[in-house]
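Asks: Modelling step: build the complete structure from the supplied sequences, incorporating the hints.
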Amino acid sequence: MEILWWLLIVVFFAASYVGLIVPIIPSVLVLWGGFLIYLFGLSGNLSTWFWVGMAVLTIFLLVVDFLANVLFVKRTGGSKWGERMALVGVIIGAFIYPPFGLILVPFVLVLTVELLQQKTFNEAIKIAFASFLAFLSGSFAKAVVQTVMIIWFFIEVWLT
1 MEILWWLLIV VFFAASYVGL IVPIIPSVLV LWGGFLIYLF GLSGNLSTWF
51 WVGMAVLTIF LLVVDFLANV LFVKRTGGSK WGERMALVGV IIGAFIYPPF
101 GLILVPFVLV LTVELLQQKT FNEAIKIAFA SFLAFLSGSF AKAVVQTVMI
151 IWFFIEVWLT
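In full-length UniProt numbering, the protein residues as written are 1 to 160.
What the hints contain is simulated information worked out from the structure, not anything from laboratory work. All values reported here derive from a predicted model rather than from experimental measurement. Each residue gets a CB set at the ideal place from its N, CA and C atoms; glycine is no exception. Heads up, a few of these hints could be off.
Label pairs and their computed distance ranges (CB to CB) [claimed, not checked]:
no., residue 1, residue 2, range
1, Ala-143, Met-1, 27 to 33 Å
2, Ile-21, Ile-59, 46 to 52 Å
3, Ile-24, Asn-45, 20 to 26 Å
4, Lys-80, Trp-5, 44 to 50 Å
5, Phe-121, Ile-3, 56 to 62 Å
6, Thr-120, Ile-151, 42 to 48 Å
Replies: So, in structure tokens, the structure goes:
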């Protein structure tokens, strides 16, 4: 039975990476699912430092998820409406043909809003492209942090 629990933990960890490109899967929550399976399914023991560290990293991941698009659009000269549409685009894009919706919907929304804000086409494209770069860099950052969380988990398990 223990092997099944470990297989389920590995499936949860793998699904957390899938969640980076298929945002319907809440990657960080799935990762926590693996931790909780170990805790309750295998009667594992994880230190207080582990749980505090995971909470801090989870908050960091949530902030990265929501702010990456807004910050990239702002840095390239986007308007407040462009920033808002970048965030709305990520939310809507998560449900429209993931993962491509996450790239295309914010791009189109930001491009349209910036053109309506009297930006030149080149400026609007630059700002919209920033929303694409935000998706890539945010996904990369989340993958790195999730990897750290998983490695920390296995170190914690092996040390106890």
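Asks: Run every hint past the structure and note whether it holds.
Replies: Status of the hints after comparison with the structure:
1. Ala-143 to Met-1: 27 to 33 Å: holds (31 Å)
2. Ile-21 to Ile-59: 46 to 52 Å: violated (22 Å)
3. Ile-24 to Asn-45: 20 to 26 Å: violated (33 Å)
4. Lys-80 to Trp-5: 44 to 50 Å: holds (49 Å)
5. Phe-121 to Ile-3: 56 to 62 Å: holds (58 Å)
6. Thr-120 to Ile-151: 42 to 48 Å: holds (46 Å)
Taken one by one, the earlier hints fail for this structure at numbers 2 and 3, listed in ascending order.
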